[in-house]
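Please model the complete structure; the sequences and the hints are all you need to start from.
Mapped onto the working numbering, the consecutive letters of the sequence shown carry residue numbers 1 to 212.
What you were told as hints is all true, and nothing was included just to trick you.
Below, computed lysine-lysine pairings styled on DSBU-like, alpha-carbon distance capped at 30 Å:
#1 K196 with K121
#2 K8 with K60
#3 K196 with K161
#4 K181 with K121
#5 K184 with K161
#6 K121 with K190
#7 K181 with K161
#8 K8 with K29
Because the hints were derived from the structure by calculation, they are not lab data.
What you are looking at is a predicted structure, and each value in this text was computed from that prediction instead of being measured.
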Amino acid sequence: MEFDELLKLIGDDPVFESSLLLAGNINPKIVRLQLTRWVNSRRIYQLRRGLYSIAPPYQKIQPHPFLVANHLQRSSYVSLQSALAFYGLIPENVNITVSVTTGRPERLETPLGIFEFRHIKSNLLFGYQMIDLGGQNALVATPEKALLDLLYLQPGGESPKYLQELRLQNLERLNPGLLMKHSKVFDSPKMSKVAKAISQWMPGETSEYEEL
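Pasting the structure below:
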């Protein structure tokens, strides 16, 4: 296969899998060899085994980090600081795309950025939605679930000190009822208490929060 043929086959897809090139009577060894050559010539990026993207200046669309994260681990969605920054709930610009997954935790450094995956139990894999990212789609936690995921996975996340360090903002974008509903699924008194405390802050009246 020539490189121009690959570009036509990929079209506008931001990322592609090597299995796409194996349709029909194709020798897998030849495909892998050709992919390696294109990677070495910097025409394509290898994101992980079997997953690639077209490199500039040949790419038609720059892959959004959230979409890339979804492809790097299938049973995952973008959450924690990445989702909170996306929704404007924390002021920091997060350089690492963080997701939660029922798979193994890992950190991947790719030509398209750094991606971190935090493990959660299968019963906590909920509270996410498909987001349109300028024509690209990715699974992202709702604002409420992103916050709860962070407080649950962060050691000491329920402490008043950590909540202050987060510098939460735009709390009116949170749904207090949904925050409380989701917190109960964690089956943790600390999670229920911190969700209640945050809900009380939403109207703009700061209430005292004591650590359990």
